[in-house]
Each structure stands twice: as C-alpha cells, then as structure tokens.
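Starting from the known structure of chain C, fit chains Z and S onto it as the hints suggest.
Chains as they are written, first to last, in my numbering: chain C, 1 to 369; chain Z, 1 to 561; chain S, 1 to 373.
It is worth saying that the hints were derived from the structure and are not from the lab.
List of simulated lysine-lysine pairs, DSS-like, C-alpha gap at most 27 Å:
hint: 1; chain 1: Z; residue 1: 115; chain 2: S; residue 2: 288
hint: 2; chain 1: C; residue 1: 285; chain 2: S; residue 2: 25
hint: 3; chain 1: C; residue 1: 78; chain 2: S; residue 2: 288
hint: 4; chain 1: C; residue 1: 82; chain 2: Z; residue 2: 548
hint: 5; chain 1: Z; residue 1: 262; chain 2: Z; residue 2: 392
hint: 6; chain 1: C; residue 1: 78; chain 2: S; residue 2: 275
hint: 7; chain 1: Z; residue 1: 200; chain 2: Z; residue 2: 172
hint: 8; chain 1: Z; residue 1: 135; chain 2: Z; residue 2: 548
hint: 9; chain 1: Z; residue 1: 545; chain 2: Z; residue 2: 500
hint: 10; chain 1: C; residue 1: 218; chain 2: C; residue 2: 233
hint: 11; chain 1: S; residue 1: 137; chain 2: C; residue 2: 234
hint: 12; chain 1: Z; residue 1: 518; chain 2: S; residue 2: 88
hint: 13; chain 1: C; residue 1: 125; chain 2: S; residue 2: 233
hint: 14; chain 1: Z; residue 1: 335; chain 2: Z; residue 2: 362
hint: 15; chain 1: Z; residue 1: 561; chain 2: C; residue 2: 25
hint: 16; chain 1: S; residue 1: 137; chain 2: C; residue 2: 125
hint: 17; chain 1: C; residue 1: 207; chain 2: C; residue 2: 145
hint: 18; chain 1: S; residue 1: 275; chain 2: Z; residue 2: 561
hint: 19; chain 1: S; residue 1: 275; chain 2: Z; residue 2: 487
hint: 20; chain 1: S; residue 1: 44; chain 2: C; residue 2: 285
hint: 21; chain 1: S; residue 1: 88; chain 2: S; residue 2: 59
hint: 22; chain 1: C; residue 1: 82; chain 2: Z; residue 2: 27
hint: 23; chain 1: C; residue 1: 182; chain 2: C; residue 2: 202
hint: 24; chain 1: S; residue 1: 12; chain 2: S; residue 2: 212
Partial list, derived from the structure: chain Z residues whose beta carbon lies under 8 Å from chain S:
hint: 25; residue: 498
hint: 26; residue: 499
hint: 27; residue: 500
hint: 28; residue: 501
hint: 29; residue: 504
hint: 30; residue: 518
hint: 31; residue: 538
hint: 32; residue: 539
hint: 33; residue: 549
hint: 34; residue: 557
A virtual CB, placed ideally from N, CA and C, is assigned to each residue, including glycine.
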Amino acid sequence: MTKTVVINENTHKGIIEFFKLLLKKEKVRGVFSLKKINKDGDIAYSLITDPDELNEAVPFYPLMPVNAGKLLSRFTLKGSSKKPVIAVLKPCELRGFVELLKRQQGSLENLYIVSFTCGGVYPSKLSLDGTIEKNMNSYWNEIKKGQIPNDLRPVCTSCTEFFPYTADFIVDLIDNKEMDKKLEIFLNSKKGEELTKDLDIKSLENKIDQQKLDKYLKKRETEKEKIFSEINKKLNGIDGLVDIFGRCIGCHGCSKVCPVCYCTLCEFDSANSEYEPSNYDSELKRRGGIRAPPGILYYHLGRMTHIGISCVACGSCEDVCPVDIPVAVIFKKVGESVQNMFDYVAGKDVEEEIPLVTFKQEEFVEIEE
Amino acid sequence: MERKIGVYLCECGPNISEKVDLDRVKKEISSIDDVAVVEKFKLLCSADGKKYLEEQIKNHNLTHLVIAACSPKEHEITFMEVCENADLNPYLFQLANIREQCAWITADKEEATKKAIRIVKAAVGRVKYHSSLEKKEIESIPDVLVIGGGIAGIEASLQLASSKRKVFLVEKTSELGGLIKNFEKTFGDMKSATELIDNKIQNINTNENIKVLTNCEVGEVIGFFGNFEIKIKTTTGENEPIEFNVGAIVVATGSQLFNPEKTPQFGYSKLDNVFTSLEFEKMNLTKNITLKNGKTPTSVAFIHCVGREEKGYCSGICCLYSLKYASYLKEKLPKVKIINLYSDLCIPGKKDEKFFNEVKSKNVDFIRSSDVEVEKNKNQLKINFKNKEGKKNSILVDMVVLAPAIEPTIDAVKIAEITGISQDKEGFFAEEHEKLNPISTSTEGIYIAGCAQGPKNISETIIQSEAAAGKILSSLIPGKKIKPEVKTSVISESLCIGCKTCLTVCSYGAITFDETKKISVVNEVICRGCGNCVAACPSGAASIKHFKFNQIYQELLEAVK
Amino acid sequence: MIENKAAAITIKSSMKNTIIELLEKAINKEIFDAVIIPMETPAKDSFVYVLVKDKNLLKDSNPLPPVMFVQGAKAVSSITRLGEGNLKIAAILRPCEIRAAIELAKVGQTNLDNITLISMDCPGVLPYPDFLSDPKKYKKLFEEAVEKWDNKLMRPVCQICNHSSMVSGDIHFATLGINKDKMYLIPNSSKGKNLIEKLELPLKENIESWQKKVKEISEKRHGKRKKTHKDLKTKIGGIDNFVDTFSNCINCHNCMRVCPVCFCRLCYFDSDKVKHNSEDYLDRAETKGSLRFLPDTSLFHIGRMSHMSLSCVSCGSCEDACPMAIPVAQVFSMIADETQELFNYVSGRDLKEPIPLVAYKEEELRDMEDAHD
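Chain C with its partners taken away, still in its complex shape:
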C-alpha cells in the first residue's frame, strides 16, 4: 500500500489545485509544467511562480515540444535552486533526466518530480494546425478506456516503459475510469511524503493496479513487435542503412534535441571529424565518388554507439527530423538491444551505473572464447 493524496476534482483541474496549494503555502518556489503561453494556445514548458499563471498550465497535455528531462538538466546544471521546485515530467523525460544525472548533468536536490502513467504524445507537427486540440476528447476517452489512441508518435504506441519508476509523485492516468471525478496522487518517495506532510489535503492509502497496467503493457508490446518487424525489413545491412539514412541532410537536429546527447561540442561537429583533402583524394581513388559533406552514416552509427545504452525512446529525434527519417524507431530498436545485453533499462534507477562505463570482471565471457 502506498500513501496518496486526493483532490475530489477532475484530474486535470485537480493537479492545478495541488500546485496552487504548494505555491501558496510556499512549499515550492516554482512549478515546471506544460502551459499555454499565448492567446493562440501555443504550448511550451514553463517555469511558473505565480499561482494565477497556473490557470494556463496543462501538465498532462499529450505533447512533448522538447524532452523536459533535458530542460531540467539545464535548469539544475549550474547548481540546484535554494528553494524547492516541482516539475511534471513524462516517464521517458524522467528517465532521460536520470540518465543525465548519472553523467553529472544536473541535480535532484530541491527538485520534486511529478509523473504519470503515460498514454503517449502526438508528433509536434500536429500541434501546428490544431489537430491535437481537435483530438483532445477522443485522446482522453481512449486513455480512460485503456486503449492506445491513433496518430501518436510511433515510439509512444510501442512504449513498454510507461511507468515512472523514480518519480516522487505518480498520477495513474491509464485506464483510469475516475479521471473526471478525482485526482489521486501516489506518494512514491519519502521526499514526496515530506512535502505533502502538513498540507490541507485529503490523504489516503491505495495500491497501483498492477494487473491493469500489465494488460496495457501487452497492448503496447504487440505494437512494438509490429513496428520492430517493419523496421527490421528495412535495416538489412549497409544497403538498408543507406536507403534509410540516404536523405539525411546532416543537420544533427536529432542530436540537439536528444536528452542523452549532452556534449557541448559533439565529436561529429568537432575538428576530429573533418575530412582533409588527402582523405577525399583517397576516397575518390577507392570509389570514384564521395558524398559531400561526408560521414552521414558514420554520424548516426557513432551516435548510436555513444548513447544507445541510454536511449529512452522518447521520440524527440524523429519529431525534429526535417526529412522524416524514422530515427526514433531505429534508435529505440538498437538502444533496447544494447540495453538488453546488460539487463539494463535506461533511467529506471538513478543508482544503477551505466553499463558501458562499469567494469565487471566476469562479463561476456562467451565473447572471449
């Protein structure tokens, strides 16, 4: 059984009330959440300090303009805030943040995380013509029924890590028939319990319905199999990779928005990756022609090598790609394969060390033979 706090209010309104309470009681100095930032209803992450501004917040909105884990890393990179801040993250954003924490790219000090069982987000392009807004009702209907909505990011429909392991506060949205009547927040950590200790709010005890979540997991796994088998057909050797990544323009947007790509100057942008005239000469001798700029596959395979172990399959890379390459599905597939080799789930446990930089004497002995 887990302690919970309850607000008898529609979940979406209730969470706002919860945050307002925290701000007014000065339990936190700021709330980090998705918010409508202008009269056109454009949505972006915001750091909110004024309770009135919370009226425009939409914490559970099915959109991920940027991976919020990356944003929290930027927020805490140069030091934690002196007073607490509470942030709403999607499970993959939280896992991204955890992977960054393992690399000293942020801090959890004075930071409280609210997360939820996630039904997935829409590709950002769909926010441009109002499609998401139009789909709002049907989206939540599907979620309430424990179904997977249409038109989401492919990595969302196939996501099997939709439970936010390390959050301080968890809201169970999936298959939640009481969403319109009640907001129940599971206090998933001591930290969370401490924060809500003397708040004027109803507290209960409850259990997360694991069976229900397992049922949903199966649905997602079916989707995953579908997507993986589709991409497998295309990923046949170098030719397959050339076909998929052929139209890549080398903008490196995927790297820029990826939560786990944290290097200030990427190796593939540095002088180390530049071709000298003699390199071109030798390539021309060998093959008669070379693409300019070169190194497109090298960049993607290199990035896979660097971050595959920590890929949280959030799908930001695919959203930002200007030539619609299914980067996210490919990296999800490769990432999962690598992580499975070490029984590792990226971002599940902040104490768990990154396998690629952890030396274990007895490991992969079979390869040595």
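Using the frame of chain C, we list chains Z and S on its own:
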C-alpha cells in the same frame, strides 16, 4: 572547492564612512553565501591596514578577498601586493569602488548606502568566478633596430652600439650613406662630404656590435617597448626573411625631393638642362657639369622654393645648399654667371650669414622674384619672372637648377603601417610633441630621427640621432625586466573555426593564424588584453582572462537585482 | 565581369544530359579532375551532393534537382575548408549556393582556388516537406514548372527571388530568352573563359536576349519582393509580433545548422554563455509570474540575425529545416535585404568585397551619429 570570501569595508577615514552606513553594508553582505567574514577598518591602505589585511587572510584561510574602498586606480596594486604577501593569488581579489563611484558623488546617505550595498554585492558575485593567474616577467631586449642607413641612422647606430647592446642597421639600397653620398662638400664649412660619410661608414663597418643589413626592408614589427619581434625581408626576394627581437626602434628613413613635374612652369623633364638640386650634386661629384649637348654652361640660374607653395612649408636647407652650388661653380667654372631667384631667403645659423656674404661677394646675383616660369629660347632657357616691385622681367641662361621642397620618402606610408607610428599632415612621422618631445612617437619605444621627421641639415640630424640614442640608452637598460599583460586573450582550439575575424580587429598584431590547424592563436607576450577579439568572435571561442563571461555576467546580475 | 560573348551548345535530348555530356568531355580532356554535382539517393527520395571523379557515375547525376537538400556551399566548404587539395574541381550549383560559397571564402571556410563555380538560371526549388510527401509526383510537377518557368510551387523565398540568374561564379549556363534547343555558356572570369576555350567552344554568341529576359523577370520579382516584404514587416514588426512569430520555436537550432553562412563550430547560443543557474531562472520567472523554458528564444533568432544577416543569400534552407513550420527564411531574408542595403552590399556578389561588419571605414553611417545630437 569551498569558498571563504573575506569582505573588508574601508572607512577611508572618514571619506566613505561619512556618506555610507557601513554597519548596514556589513549586515547585508554577511548574509551572502560563501562570505566568511565582513569587517570595517579605518584606513586599509595604511601600513596598519595592510598588516591587518594580511593577518585576516591568514587567520581566516580566506580563498577570496573583496575590499570596498577607493578606485582601483588608487590602490588595486597595493591590495594585490597584500594578497601576494599573504600567499593569496592576487587575482582572487576584487576592489569595489564605493568612494569615487558612490560616497563622493551621492548626496543622500540612504541612497549612497543602498548603492554601496549593490556595488559590494556585485564584487562578491564576481570574485566567486575569479581564477588564479600567474604574473609573467620577461627580460627586456637591449638591442635596437635602426631603419635607414643614411647619416641619421648611422649616427644613432654608432651612439647606441656596445658590447651589451647590438644594433641592427637596415638599409633598403645596397649601400650605406644615404643622400650625403651624392655630395662633394657640405655647405657652410665647405669640407669634404665624401670624407665625412666614408669615415662614418668605416666606423660602422668596423664596429662588431652593429649588424648591417643592406638590400633589406622591414617586413613586420609586432610587440612593444622592450620586446619587438622584427621580420626583415631582402629586396632581391631570394633569401629567407631574417627574424630577430629588439627592445627599441629608431626610424631614420630620410627624405626625397618634391617632384617638379608637379610644377610644370619650371619645365622640368620637358625642357633640356633643367635639373633638380640632387641631379646637380651628382653632376658636380662626377666633375661633369655639362649641358645636354656636352658643352659647359656659361650661365646657371638657381630657382629656390620649388613646390613651397604646394607643400606649404619652407624646407630650410635649400638656400644654403644653393650657396654651396655657387661655390662649386665658382671653383670649377670661374667664368660662369650665377643667378639665384628666390621668394624668401632662409639663412638662420650662427655661421650661415657669413657664408652667404662670402658667396655673394663672388659676384653671385640674388633676385627676389615671383611667378617664375622657364621656357625654351633657341639653345638657351628663358626665365620669366616678376621682380619685387611686381614688374615683369626675364633672363637668359644655359642651365636651370631647381631647389625642390623636401618630402618624406615614398616608403613612409609603408613604414608607418608596419611600425604603427603616425604620420602628420605632410607625411613626415609625427613626433610626440612638436616642441617638448620631437624624438619620441606615440608608440613607446619607437623614435624618429633625421629628415624622416622633418626637413633638416646634417648637424640638426646628428643632434636628433644622438637624442634618440640618449633616450634609448637611459630607458632600455640591459637587464631591465618587463611585465607583459597577465589578463590576455585565450582562443579555444577546439572551438575556433578559423574565420580570422579576430585577426582583422587586433590592433597589436598579437594574433597569428596557424595554417595547419586553421585556427587563430594569441601571442600572450604581445597581447594587451584589449578585448577586441572577444567582442568580434561570433562563437565566443575567444575569451579574456579575468574578464570571462561568467565573471562579468555575475557582477552585472548582482548589481541590477 | 561578365563577358559579352557566350558559347552556344545545342541541347539534343535534355538540358540535364547536355550538361552531363559537357562535364564528361571536360573530365576526358583533363580540364578538371572531379565534379561536385547533385545525385539522386539510392532510395530515390532525395538528392545529395557528390564529389565525382569516375565519370561513369555522372549519368546518375542531376544538375538541376527539384529540391535543395543541403546548401551546396556546405558541400564546397567540407571539401575545401582544410585546403585546396590537388584536384581541379567543377561545382554545379544554384546561384545562391555559389554566393554562399563566396561569402564563406571571405571567412576562410572555403578555398575557391581550384574550384570552377558553374551556375545556371534557377527556377527555384520545391519546399522539401512537399517533395517528400510524394517524390514521384513532385518530380514531375517540378519539370513542368521549369518548362513554363513558373515558380508558384517553389519555396516562398524562391518565389520572390530577384537574383535567380545572378552570376558571381566562373561560368553560367543560360537558358532564358534563348531558343529551347540551345544553351549558352557565359564566362564570368578568366577561369571560366579558360574552361570554355579548352572545351573548344567559340565565344561568339550575343547574350543580349538573355540579359533582356533576365532583367524582365528580375524587375517583376523585385516589385513582388518589395510588396511581400512590406506586408511581412507589418505582420512581424514590434517585439510582441516578433515573439508570436517564433512562439512555436523549440530551440532545435536546425535553421542555424543548415544555414550555409552560419559557420561557427560551436554557436554562441549553444555555448556555456547561455547556460544560467536555477536561481537566475527563478528570479526571472518571478518578474512575470512564469517563464517559458528554455527562455530567450527570440534572443537566439535576433542574435543569429546580427551575426549572419550581412551574408544571408536568401536560399531558404532554414525554413525547410524548421520542424515547426516557422517562416524563418522569409523573416531573415527580408531583414537581410535591409541590412545589406545599409552598406550597399550584396552578399556573394564579389569575392574581393569584404564583409561590411569587418571592414573599417572612418567615414561611414554618419546619419546614425546625428541621431544623438
């Protein structure tokens, strides 16, 4: 790393304490993170004050020091020394000016106190981001570069050279001697110019401390007084450039004559037998004063002040050398008729009037004239002019010798660019002060001597060369240490993309380009820390020590919060 | 300076084939060793620039592709930034790509010594997202548009481009105002003239009809351009409108990355200097009650403008790369026109013309000083 910042507020007895409530400042500052101690003191720059600070630093194990007192111009160095004596790196210190910029200019005590609090907070915010920096000291180079192998350069070289001080004498032609090599005699004393200059050249050649580089030009000068890096290139273009370092430079590039083609009324280069003074000197030296047709002239006219109106100044030596020419002629061609056409006579020196009278007495005519024109008249030249009453007149002569104005050499612009010294409106090198310092330039360590600075005769040139030598001898003492700038620019190798924008804005030539790595590199010894490159670099690959982005940003942030 | 006489080539099958044959001939005659030219991807869904030495590979190339996937100046830069190498290379590029290559040469990012820059009359390029939605369909539509010289489907900045026949490279392939069965090679430098002579093509054609047609098109476009910019200015002028225009921006910086004249290895706006600590962010949030995170989106765009506006060639690559369909190119191109006009500068017009921002003139912009009197 745990920071322990010590903040000391100076009452400046009572300059500051009168206007600023230091107790309140102390209270506000004490509550800031990482501030270990805040104290007031009567007069921190006094001997007691300095001792107190040293003890405080040691006792509290301070990692950083902030002093709120007067302007850094007054006592930054003082307190930096205090830090050094207390084994604290002097760059981990910030001086907050609450006197000139606060107490002295704010009438209301409440306002002044609030402002002082901001200023000190800003200093504390900044000092947190300071890094230790090491002071540098290099030995100055006593050697000297002399540009120009005429009498000015030769004299300076002879005065300067010694076993402890090498002189590099660079001359663009193949021979030393400059203009004097063309003279048979010097005016006034009418002594042998050839002997004079040959003796000087002999002295140069036998002096083992003078390295003569003929057929050479200065290609590049970067650096500062005590440490100039010089690149010399050969005019023949064959050999590798020569490089060496010197501590000071004497620019003695001499002069040339105004081109009389610009004053066509004198017929130069159009009519036969119209010569410039220098051409006449050369004819005289080869003992070959003849007309174009090979005959010797029976009459010669000297036209003074050619180009004077155009240039706007009197060159001061032409009247005297015209007298010399008259003497040459009287000696070699006694029967020749000599006429001088002048607009003003310039005979200033203590012996020159005597010389003038001597020459005049040998039946040499001096006619004051204006509107002088030369035209062909059969085999002769007809000179039309107006006499001093304004009446038109004319004379017929065989030969005309023009005395053109003295100009700076054609190389002056290039030399100015290379050395960074300025030219005046006439193109001569600009002296630091017309009356009080006609030898130094605006660039410390670079001096000018001879006609490069303005028209003058040989004795004036010698005086100026010796003066330049004197300045160098007294200020560039062998063994003298120079302290290059500590707060220099740094360009990140991994971030620089080689666009050379910084190079175009560096006024000191302190940035070079590494062609292999295709990046800009700062010469830390020459960099003066002006920050132009930092402002110009679009990506922020360049930064200045002690003025890093964060240091300035945090200071500003605290000041405006 | 453009020569008054051009060389004529007969177009037998298509302009594309004619150009490829010419290049093959040039490689055979060893006039140059390799060519930078667009080629279709194996999956036939895009085009990429390839440095080709083996002339057998040329047959898969397309000198006038329907899209500008990578700005050609970036291709030239990647090949020559670290030196000119031993190869003599011909580069077939759109006019704005050549201009960008010339701008980059001014800041040491391309070395044009061994490169012969060849341009052609440009019909514009299709917006990449449109092309990608149905490559086959759009390839056909593009060919039709070239036939009629109709640019309605092209990138918004292409539609108002008044430099679509600008010649700043070494040779220009001219097709406008000339019989459909012919094409002119117009030399614009001694390198270009040399190439044409080595190809044994006599320079005897008069280019007046081409010049006339180009002028006509340019003037029409110029009018349209001025009007479009005026309307745009009203729409985005003022800080509120400007912020609104970029309200969907997710700070991915794709626009900066694909821009040919944004050459910094690490952009200032990706560096440590824009990374602040949590207290600073919270303080800022408190001044207004909430702070968009990450903040300073508009600062990035205005900052980028101030860094590169003088070199902007209005190619439109930025807008194609924006995942949030923000009209980046339209905004930046409009502002570039004005900043360049301030200095009577046209980016990429002439290699010898220094970029105004780093050219010091003692007497300049006096009218700005008067504002403070």
